[in-house]
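Novice: Chains W and B supply the protein sequences, listed in that same order. The first sequence begins at 6 in this note's numbering and counts up by one. The second sequence begins at 6 in this note's numbering and counts up by one.
Simulated from the structure, these hints should not be mistaken for laboratory data. Where hints are given, some of them may not hold.
Note that the list lumps identical chains together, so a pair holds whenever it fits in one copy or between two copies.
[Stated by the list, open to error] For lysine-lysine, the following DSS-like pairs were computed, each having C-alpha atoms within a straight-line distance of at most 27 Å: (1) LYS322 / LYS29; (2) LYS90 / LYS168; (3) LYS90 / LYS436.
These numbers were taken from a predicted model, which means no experiment stands behind them.
2 protein chains.
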Amino acid sequence: MSDSTSTRDENSLTTEKMAERAKKASWTLASLNTEARNRALEEVLTVLQEQKESILASNREDIEASERDELAAPLRKRLDLSGDKYEVILEGLRDLIQLPDPVGHVDYAVRLDDGLELRRVSCPIGVLGIIFESRPDAAVQIATLSIKSGNAVLLKGGREAAKSNLALVNAIREGLKRAGVPEDAVQNLASREEAQGLLSLDHLVDLIIPRGSNELVQSIQESTRIPVLGHADGICSVYIDQQADLEKAISITVDAKTQYPAVCNAAETLLVHSTVLESHLPAIAKALQEAGVTLRCDERAITQVDGAETATDEDWKTEFLDLTIAVKVIDSIQEAIEHINTFGSGHTDAIVTEDPQAQETFQALVDSAGVFHNASTRFADGFRFGFGAEVGVSTCKTHARGPVGLEGLVIYKYRLNGNGHRVDDFGPGKKAYLHEPMDK
Amino acid sequence: MSDSTSTRDENSLTTEKMAERAKKASWTLASLNTEARNRALEEVLTVLQEQKESILASNREDIEASERDELAAPLRKRLDLSGDKYEVILEGLRDLIQLPDPVGHVDYAVRLDDGLELRRVSCPIGVLGIIFESRPDAAVQIATLSIKSGNAVLLKGGREAAKSNLALVNAIREGLKRAGVPEDAVQNLASREEAQGLLSLDHLVDLIIPRGSNELVQSIQESTRIPVLGHADGICSVYIDQQADLEKAISITVDAKTQYPAVCNAAETLLVHSTVLESHLPAIAKALQEAGVTLRCDERAITQVDGAETATDEDWKTEFLDLTIAVKVIDSIQEAIEHINTFGSGHTDAIVTEDPQAQETFQALVDSAGVFHNASTRFADGFRFGFGAEVGVSTCKTHARGPVGLEGLVIYKYRLNGNGHRVDDFGPGKKAYLHEPMDK
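Isolated chain W (complex conformation) (with noise of 0.2 Å):
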């Protein structure tokens, strides 16, 4: 912590003063019940609509900035708030105030002696830092996902969105000052030296959500103490199983690489048995370049697949986001399922097959958020497993892990009530612990 003071310039210490903010407000947030969090998203619901031509009014500014300085259509693109996008933001914001509540969930309740209750409850982290591109619905989005749940928030969105974003946090703050909310519970940071002084405030900062590319995140990640909750590579696999039937083989592998293929749950390795190397490739294969795929073989697979680039080590490990996928022959479960802890990036992975013992061992060995059996990888989502609401992906080992709902939002804290006691009435000839299950 002494480094990180020493090197904070002026801008990181503005930075600290709206963190000490966000930390003051996330204890009034942590204090409201359901309604008076769901009021506050009723009346930040109400400013956007209030406010929607002059916001996007400001997001016109941007995107004609962003014509004059040329910035690639699919970034315009996402940059884009008219149309449909707005109505979309603010349906997402109606069914987020219908989600149930994270916070004040009893998960553990034990009697430890008469009159002395112990209740371990959910409740908010703190305060969020959030980092994303391009995209401005995310400011939205992330905003009221950490409202819902309690949080205070920091959010620092791409330069090319700057009038938007200030434009759609400032009607956020509008909204909950009329609900008697502290508006610093959500605030804009609008430099990239106010963004990397939010990394170095570990004391005031409990977890960073970053979201955008690759590079944006391990940049992220290499740069802070404060916990990251996210993802930065997809490297998912298919394992095409000794015993898979192939009519599954290729339509999943089909919808796993080409659904939507930009995206961190697409597929990027296949992996095929060796017993049915010729039996099985041939068929996937001619399914995937129907579709427009390029295989990257390795020197087994090529002799089945015509038309196939020539795999090296380095595909093992990348993430094509594209119509490419990486094609490699292994002799056993074992092999696959080594190759996939190696290489893979512990997002989401999956196995074909009939064999509900190679099920078994791959869905227990492989080391991933997600292990699928005779399903596409493209399920692992928020949405699709039910959660209603997305923070993110989670490829950490610790917190949250996979599709990260309202859930990965909250910790606890243990409430115990007594009568005054003390410790030093229980032990050795003294009074015992009753640890009794109490209802919760």
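Fit chain B to the known structure of chain W by using the hints.
Specialist: Chain B in isolation, oriented as in the chain W frame:
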């Protein structure tokens, strides 16, 4: 990650190889069922019984060296495994074997579609790095907690206990070997350089658990990007509310301060509401002084306490760990809460009051792992809480907070079982997700 790679020296490369072996062992451990892991612990118990004499001989070498090096008497005492201590270790291991398995619990189960079933199942985290000081019994406790929860572990103990730790780890490895479990699931790091290397291996080590002084924990937190489960300071407060019962105030404050002053859940700060300053503080102070406690009082408190010292601002953030307490008078419960949230360490804080409103406000707004009402802060402990075993106490805001039991050593994975299901079959005009709850 590039930074840490470039600074890795030869020692840490050795550590990296050990961590790679631990990672592979962790995959095997993760595949063992409850019985197999308990059988391994039974073998460990047998070997620890068989090798008792040689382990105690190694321990005597450490003790003799510590006498030559003139280590402080309390440190030497903590080093000593003779007498009852060794039996206590074995007894702890017998208890651990009896505890419920934290692995394999399903806490979310929904049917997404006919034949498409999603389950969230608890599983081991992977590879734990444990850095602890002096007490060699911690080596056994932590290694066996790791095996019970299916994790591999790299242990780095204090230099003073080097021979004891090595003998204990070798006995544990012999037990694993007899049970057919990879010995590399438990490995001993001998040198300080190996421990430093461990902290840079964020691609192989999933969680660091430090057990020792504040300085140790803080220096580890500052030198790794691996999640750290633990606490540096334990600055716990007792707040005497306007409506505090005097007898409860006295007994809770005395218990919290004096029952075991050297531990993290002992009280370091006493906050007194100004309306009960004259009615309550003199009697509380007298009871504390009779127990040998020195009171460091602010300017209002000192008027009520004979023989008190004057508090400085530094005292509000000091963990005395002995018979000293800082005393501050505040004018509202809000001021008490803000003091605790600003100067406390998020460990455990208590309110003494008969007012349900004040109790609720305090328990909702104090942002600590333990928020207690009319009970001593000393109850913050895994065994007292009924966890059976304690990994440590965490002041983290993510993953695990407060006293951490075996649950803190597991995460979860999503198992999705289908029948050839494709994402492309769902959506507007296609199939809808069912999201039907299933039996867990």
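Novice: Look at each hint and say if it fits the structure.
Specialist: Right, here's what the structure says about each hint:
1. Taking identical chains as interchangeable, the C-alpha atoms of LYS322 and LYS29 lie at most 27 Å apart only when they sit on different chains, with a minimum of 19 Å there against 43 Å within one chain.
2. When the C-alpha separation of LYS90 and LYS168 is checked against a cutoff of 27 Å, the pair qualifies only within one copy, where the shortest distance is 17 Å, while the shortest distance between copies is 66 Å.
3. Taking the shortest alpha-carbon separations for LYS90 and LYS436, only the inter-copy value of 24 Å comes in at or below 27 Å, while the best intra-copy value is 64 Å.
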